Amino acid sequence: MNEPLIKDFSTPGRKGYSLPELDVDRVDPKASLPEGTVREEAPDLPEVSEVDVVRHFTSLSEMNYGVDSGIYPLGSCTMKYNPKINEDVARIPGLANIHPFQPVNEVQGSLSMLYDLKRYLAEISGMDEITLQPASGAHGEYVGLMIIRKYFETRGEERNKVIVPDSAHGTNPATATMAGYEAVEIESNDRGMVDLDSLKEALDDDVAALMLTNPNTLGIFEKDICEIADLVHDAGGLLYYDGANMNAILSYARPGDMNFDVMHFNLHKTFSTPHGGGGPGSGPVGVKRFLTPYLPKPFLTEKEGEYFWDYDRPDSMGRVHSFYGNYGVMLRAFTYIRGHGKTGLKEITENAVLNANYLKAKLKDDYELPFSADSLHEFVLSGSKQKEKGVSTLNIAKRLLDYDQYAPTIYFPLIVKESMMIEPTETENLRSLDRFIETLETISREIDEDPEMVKKAPHTTIVRKLDEAQAARNPDLRW
Amino acid sequence: MNEPLIKDFSTPGRKGYSLPELDVDRVDPKASLPEGTVREEAPDLPEVSEVDVVRHFTSLSEMNYGVDSGIYPLGSCTMKYNPKINEDVARIPGLANIHPFQPVNEVQGSLSMLYDLKRYLAEISGMDEITLQPASGAHGEYVGLMIIRKYFETRGEERNKVIVPDSAHGTNPATATMAGYEAVEIESNDRGMVDLDSLKEALDDDVAALMLTNPNTLGIFEKDICEIADLVHDAGGLLYYDGANMNAILSYARPGDMNFDVMHFNLHKTFSTPHGGGGPGSGPVGVKRFLTPYLPKPFLTEKEGEYFWDYDRPDSMGRVHSFYGNYGVMLRAFTYIRGHGKTGLKEITENAVLNANYLKAKLKDDYELPFSADSLHEFVLSGSKQKEKGVSTLNIAKRLLDYDQYAPTIYFPLIVKESMMIEPTETENLRSLDRFIETLETISREIDEDPEMVKKAPHTTIVRKLDEAQAARNPDLRW
Amino acid sequence: MKYISNTPEEQKKMLSDIGVEEITDLFSAIPDNIKLDKPLELPDPISELEMMNLVNERASRNTDLTEADSYLGAGSYDHYIPSIIDHMVLRSEFYTAYTPYQAELSQGTLQAIYEYQSMIAELTGMGIANASLLDGGSALGEAILMALRHTRLNKVIMPKSIHPSYREVGRTYGGPHNADFQEIGLSGSLTDLEQLEEALDDQTAAVIIQYPNFYGSVEDMKKIAAMVEKQKKTLLIVAANPIALGMLTPPGEFGADIVIGEGQPLGNGVNYGGPYLGYMAIRDDRRLLRQMPGRLVGKTEDVEGQEGFVMTMQTREQHIRREKATSNICTNESLNALMATIYMATMGKKGIEEVAYQSFNKTRYLKGRLEGISGLEVVNGDNHFHEIWVKTEKPASEIFSELYDKCILAGVDLSQFDEEEGLLICVTEKKTREDLDKFVSAMEVAVNE
Amino acid sequence: MKYISNTPEEQKKMLSDIGVEEITDLFSAIPDNIKLDKPLELPDPISELEMMNLVNERASRNTDLTEADSYLGAGSYDHYIPSIIDHMVLRSEFYTAYTPYQAELSQGTLQAIYEYQSMIAELTGMGIANASLLDGGSALGEAILMALRHTRLNKVIMPKSIHPSYREVGRTYGGPHNADFQEIGLSGSLTDLEQLEEALDDQTAAVIIQYPNFYGSVEDMKKIAAMVEKQKKTLLIVAANPIALGMLTPPGEFGADIVIGEGQPLGNGVNYGGPYLGYMAIRDDRRLLRQMPGRLVGKTEDVEGQEGFVMTMQTREQHIRREKATSNICTNESLNALMATIYMATMGKKGIEEVAYQSFNKTRYLKGRLEGISGLEVVNGDNHFHEIWVKTEKPASEIFSELYDKCILAGVDLSQFDEEEGLLICVTEKKTREDLDKFVSAMEVAVNE
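Protein chains in written order, with the working numbering: chain L, 1 to 479; chain D, 1 to 479; chain F, 1 to 449; chain G, 1 to 449.
Honestly, the hints are just simulated from the structure, not real lab data.
In this text the structure is predicted, and so the values were computed from the model without any measurement.
Heads up, some of the hints might be wrong.
[Claimed, not checked] Straight-line distance between alpha carbons at most 27 Å, and here's what the computed BS3-like set of lysine-lysine pairs gives:
| # | chain 1 | residue 1 | chain 2 | residue 2 |
| --- | --- | --- | --- | --- |
| 1 | D | K7 | G | K12 |
| 2 | F | K367 | F | K438 |
| 3 | D | K30 | F | K223 |
| 4 | D | K346 | D | K223 |
| 5 | G | K350 | L | K342 |
| 6 | D | K385 | D | K288 |
| 7 | L | K297 | G | K160 |
| 8 | L | K303 | L | K288 |
| 9 | F | K222 | F | K394 |
| 10 | L | K362 | L | K346 |
| 11 | D | K30 | F | K35 |
| 12 | D | K288 | D | K200 |
| 13 | G | K35 | G | K12 |
| 14 | G | K155 | G | K233 |
| 15 | F | K223 | F | K160 |
| 16 | L | K362 | G | K12 |
| 17 | D | K223 | F | K35 |
| 18 | F | K13 | G | K350 |
| 19 | G | K155 | L | K161 |
| 20 | F | K438 | F | K394 |
| 21 | G | K13 | L | K364 |
| 22 | L | K288 | G | K38 |
| 23 | G | K391 | L | K30 |
| 24 | D | K30 | F | K222 |
| 25 | L | K417 | L | K385 |
| 26 | L | K297 | G | K155 |
| 27 | L | K342 | G | K38 |
Bound conformation, chain L alone (with noise of 0.2 Å):
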């Protein structure tokens, strides 16, 4: 049942495109360009007709799973439901087709549009400013980054140094390395939380920066926020929030209120733009009114009711966008925020909270919980218990698959071994949540009986468990 490549489908002078005639003269380029830059031959790209077009990537979308699918219970991605009436919006031709050099004049309601989910996002977070201009939740906290960069040169500090707790996400330390700091991994205490000592041996003068996720990636709210945020801003540090969790806390929390001075939103976690597959995301950066400044350019700015982009900004850290940022995902989230309004936001968190914790009290007892404390919207697991009979995660996992159903997050977060990080989202119905905990009861019950079978899943996919080593020792990475 293999699909095969869609070059398999070719032949020569098979034509899938459909174009007008060309009505002015055709003229030989060769004539005018430098010699050598026209091509002798055309790009051997696949001669395929429009109907082998459709059924190549119609089936190819039957060998995939979205959410439309069922759960998507991966830890710290977010994966709830996609509304289909933000696809709507986003492809309304007034708001798709306007070019990025039209003046301003000219897109005013797109201007409109941004404005308000700016000043959404300041509201939901407690923030200030907002830019829009990161195009992925690393985008954004790679622009926060270099805010308080550019924050500290503007003051004349040399601080080198960016804290990261030891479960933060990997994108976290590479962020700091790729803005040019010294990534310092802090550990966590037994609790699942900041190490407090830990964290004041790590502070000193050449820290620029600590990063927190708030809930945590075991999902548990740091109690201690208040004390750990003094602490770095005694030592003259700054408070970098990752929006990865925001979901936990809409309505009930803010990083603002936390004294978080910069933090990055996910738009499409919190604010169910789609995956895609992995990508398109887009992620907003908000900071403290001190760090607007250094917010990237060009700046969206309101003036008696007219909406235009500032390029006025002689601190700003610079520009990480050709454009504007990832503008069809910002149309997305404003449905849904401005949708959901005032009281719909809260009513979110509080059933993936709700969906969350069930999912705990009914799994605790088939596999270990590592940290018993309160979590939020997401908890984490550890197959230890199952390990210790010769099946892994990974293997438990893979089972799921058998069983249509999306796997969690595993080996992640690295703190607990044979983690498995559960985040179900509020838009799963109970029937689903049943379902999933029934299925790992049922892969629980299978590893008692018969383990090599759960360790050789999964067992009715379209492919099998595929050799991931092969694959990086002997790179095939085109046709």
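Given the structure of chain L, go ahead and fit chains D, F and G onto it with the hints provided.
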């Protein structure tokens, strides 16, 4: 892997809809409506969330096979690729979002498209006038016979019979009955064509019309069509053309030139509007000039560049649709015909006929070809050889499904035993045709080697062979 | 635009395998005297890009409902359509499939139809619903034929309170079968029940009632049903607006034998009148069922005992029964029925009730405000669902055109049907109070100017 | 709007299973002093219907490209997008999926990316392409970082013939890593090669060339490549327009080390600048590959020997390598890459060539006609692909606004970048001769008025 019924997802109080708050007073209708006409309890429809609905119907769609899934060789159904752009055109708000009671001056754009479509159909068929009102092929047949009825009525002739060849679609005799005629069946000759002697015998002054498909349901062109037409006309009857097989003759021959008086088109076959799992279709009817007065009303007319509906049609056969027919389907057919234009339609027919003849040439060794006459866009095989080995055409059809291909039309036409009526259409590519051939050859081999296995097919489909007898005996038609 | 895969080289190979030289050789069976010897007189082919430009230009010649505030109804209703419907319908496994002849590869379509049948039956309070018919008008035609066959009588009482186009279709269908149509006049905006009682006798095959009726009012169903019940053989056919059934008592509770109607209001766009879907539901009666036209989907089991769905009772249908079939219908409106199914599922119990009540209450609000305008009469009084019949001294056509200048489509001018005068004004849940107030102001000016 | 399934009863049941009373109890870990004690100051929730009205009103405040004849380009190009792309992308299995962590349930995304990588590699003439980056500008930033890491040098030659925004992004990315950017001036519409030669030395990590360059002209790639080749370590980074590669020699043939660019012209709409996709391709070189940022998909086999696809070489990436990763990139632009993949497949060999040639020839036609206008200079001469740089005596802003009155978006006013003056005019295959003639007439009036 069964998908539950949508009601099985229902929980009291769950909501999938989104409506504004009522912004006027809410009054009790009981106060003003006749006693007993206000229901006490809302209808017991499912109470589910939007996510439930989306997942449910996404899942149902995955349990279906469409043209985008692969070959769909249903004879006489012309299951060709449905271009996506036709769907886009039919959804342009300026075209889709108009109300049937808007005055004609507000909908001139749409009326111009319908009028152009009529002109195209007239040119393609060689008929003089067209009505677009019938909403399906059978509806078109009905309108056609009612036009004939009205014609004879107006002339004061009483004619009560309609002749139908035994190879005709079931709709033909049923339509005759519905239009108040007695259907008289005549036999085909041994070459699969209308038997002229039987025809002569059946013809008398009680015959209103002969209904004919050309090429007929065997894919064979009725060579004697001119003589047939003369015979019918000489007997005072009219000639009706069933347009189901128009894909065989575009740009090669026209019913009008064959002296047919009335005909219907199947826009959802020849002109590639999607069948939608059994509709919507559209069955425009074309007539020769002398029958124009009898066309349904309202009748789309043009005067000095303005288009309007003419209701003043005193001799009209009446009306068969609440409005003007399946407008959305007409837009798609307009796009298809206009896009292909003068040269494209000819290529359609040529390749449809080529593909069918290629299949026939390759398959006639393994399966019996009961009529050897040249055939056009489709052909009929018989599973008689296989039947002798205990495997029926139904079994063969079901076995095809195991290879993820749709089956041909089976047990039709009735004049061939164990018949398989195969129409690949022009949009199948050689790869897909070869795969179909290879699969039928494989099945033929399987029948020799393991007939029991074939008889138990399908094996790999989402459900296995379903008990139709039980369904009819104890009808379970709702939850 | 072109959707052919074969390249010239492939064509050559295929021709050689077939054993002919040229493609044109394949057409030798067509006699020369009728073989077309010139190209069709059609425009030249164009590309997708040119096509989009062309159709957008045509669209720009229309005024669509996003450009005007529409109060048009009369059988085509502009309700809000949840976004998800088109997303689901664009799943090509649904829309590019044929009638589900091979059930095993068509469980999606079949199960959706089964769900459709179930929900239509529930909504109408009837026992059995079919898989859809062509539209509301033709569904009435089919219901009439069904009644003629079932009762073997031929008088059909078809009041003038029924949509004029539906009556036309009904007459067309009944014509060849000697149906004797009796029209019953109006009393205000309602069927004249005295006339009805008089016309009704033991020769009556059917009484047809529209619910709410064409003029927007709700007939006294109890009284009518009681009259019909007196005639043993006579069938009560109700043409019901399915959205209204979110608020109105289902016809099944009044003893209707056949309920038909236009399914368009259930999640289908106005689309200039089509494609829509006719629905039909009947009492749970085996004899009636055998007379029912159209496809039926039933639940059954496969060889392993697993549940599945098939088309069933096909012996009623043309492809099996040929000239003895209950109808010639073959293609129905499956995709539109799917849209209705998704609509009913999405709105659910509370949603369909809310749509009905909002439509009713907004109509009531408009009615109340319009009644304040002198020179304007609302014929319905307080008996309406979501349409009202307004009479003014000025001809409706003038009022319509004055409101059109303010981008308001004021309602359907009844004079076009040659029976009554006035405007038929429809209000759905899509209207806001602000819209309605604007309408009233514009109407005030137009009526009294 | 609301997408929550739990009903109050279900919530109660779940809370009781968890062992708490109220939902708010689940939030007790949040200290009171930071717990939000008031509702967010956001508007009230609205329904889908209200939302559509709201966003349509906003849209009406824009002038979109269907309302004006646009000659805007400068990195965002309005090519024809085949209808099928959006149909395929709306398959929810694609757009509602996450990064393909579980390969066995993600073969669709993975195979599509493998096909994308293959076609990008083919188009650019390079050995290896990654699964996409965020956009053209950030792809340049990543390429610069890659060159710094690979060469351990820090001089980066970035001529002014490169898109000003890309240069800004490049400077941002390079900043923290002490990149020493050297800008090279223009000679006409081309990079001043003498300056380039002068600046290029053995401390140079990379030379960046845009192809065609920002002003629409095609650099003398052979000459430049020869210069770069003289410096052993220096990498040649080419920022190429992928559509232009339907006509222009692929950078791989000139020995480019890294080719990056904006993938938007491949079947992605202009969309006010995003989401787009950055593409990146490199020489088939294991050392370079280890420095490559972004996802890579490779072909492999399952336990039964069946072919399949996985994300590979992940040890370069942040989730494995953390602070030592080649980039922090995680989410890329998979869905946009899918659109590009479908575009490349649909257009194919001949189609992409035809788009390129049509764009080129229509630009040439316009250029020829514009040159006939006195007071107007085309800086490019005959060296252009589908953009030309036009200088007039009148300020470009005045010309732009005069043509805007005729519903023409005359081009990008270069003065906004503070380096040069004039209009950058872009012509794609979507323009007709008639459009171009109208443009010329309008320009004639505007220039000479």
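Quick rundown of the hints versus the structure:
1. A hinted pair counts as satisfied when its Cα atoms are at most 27 Å apart, and K7/D with K12/G qualifies at roughly 22 Å.
2. Between the alpha carbons of K367/F and K438/F the distance comes to roughly 14 Å, so the proposed pair stays at or under 27 Å and holds.
3. At most 27 Å may separate the alpha-carbon atoms for a hinted pair to count; K30/D and K223/F meet this at roughly 16 Å.
4. At most 27 Å may separate the alpha-carbon atoms for a hinted pair to count; K346/D and K223/D meet this at roughly 20 Å.
5. Among the hinted pairs, K350/G with K342/L is inconsistent with the structure: their alpha-carbon atoms are about 53 Å apart, more than 27 Å.
6. A hinted pair counts as satisfied when its Cα atoms are at most 27 Å apart, and K385/D with K288/D does not qualify at roughly 46 Å.
7. Under the criterion of a C-alpha separation no larger than 27 Å, the hint pairing K297/L with K160/G is consistent with the structure, at around 20 Å.
8. The straight-line distance between the Cα atoms of K303/L and K288/L is roughly 21 Å, inside the 27 Å bound, and the hint therefore holds.
9. For the given pair, K222/F sits about 37 Å from K394/F by alpha-carbon distance, which is inconsistent with the 27 Å threshold.
10. A C-alpha spacing of about 24 Å is found between K362/L and K346/L, which places the hinted pair at or below 27 Å, so the restraint holds.
11. Between K30/D and K35/F the CA atoms are separated by roughly 69 Å; this puts the pair beyond 27 Å, and the hint is violated.
12. Pair hint K288/D plus K200/D holds up; C-alpha atoms about 24 Å apart against a cutoff of 27 Å.
13. For the hint linking K35/G to K12/G, the alpha-carbon distance of about 23 Å falls within 27 Å, and the restraint holds.
14. A threshold of 27 Å between alpha carbons decides the hint, and for K155/G with K233/G the separation of about 11 Å falls inside it, so the pair holds.
15. Annotation: proposed proximity of K223/F to K160/F holds, straight-line Cα distance about 18 Å (limit 27 Å).
16. Annotation: proposed proximity of K362/L to K12/G holds, straight-line Cα distance about 15 Å (limit 27 Å).
17. The hinted pair formed by K223/D and K35/F meets the criterion: a straight-line CA distance of about 11 Å does not exceed 27 Å.
18. The straight-line distance between the Cα atoms of K13/F and K350/G is roughly 23 Å, inside the 27 Å bound, and the hint therefore holds.
19. The straight-line distance between the Cα atoms of K155/G and K161/L is roughly 25 Å, inside the 27 Å bound, and the hint therefore holds.
20. For the given pair, K438/F sits about 20 Å from K394/F by alpha-carbon distance, which is consistent with the 27 Å threshold.
21. Between K13/G and K364/L the alpha-carbon distance is near 18 Å, which keeps this suggested pair within the 27 Å criterion.
22. With a C-alpha separation of about 20 Å, the suggested pair K288/L and K38/G falls inside the 27 Å cut-off, and the hint holds.
23. The hinted pair formed by K391/G and K30/L meets the criterion: a straight-line CA distance of about 25 Å does not exceed 27 Å.
24. Pair hint K30/D plus K222/F holds up; C-alpha atoms about 14 Å apart against a cutoff of 27 Å.
25. A hinted pair counts as satisfied when its Cα atoms are at most 27 Å apart, and K417/L with K385/L qualifies at roughly 10 Å.
26. A threshold of 27 Å between alpha carbons decides the hint, and for K297/L with K155/G the separation of about 25 Å falls inside it, so the pair holds.
27. For a cut-off of 27 Å, the pair hint linking K342/L to K38/G stands: about 10 Å separates their Cα positions.
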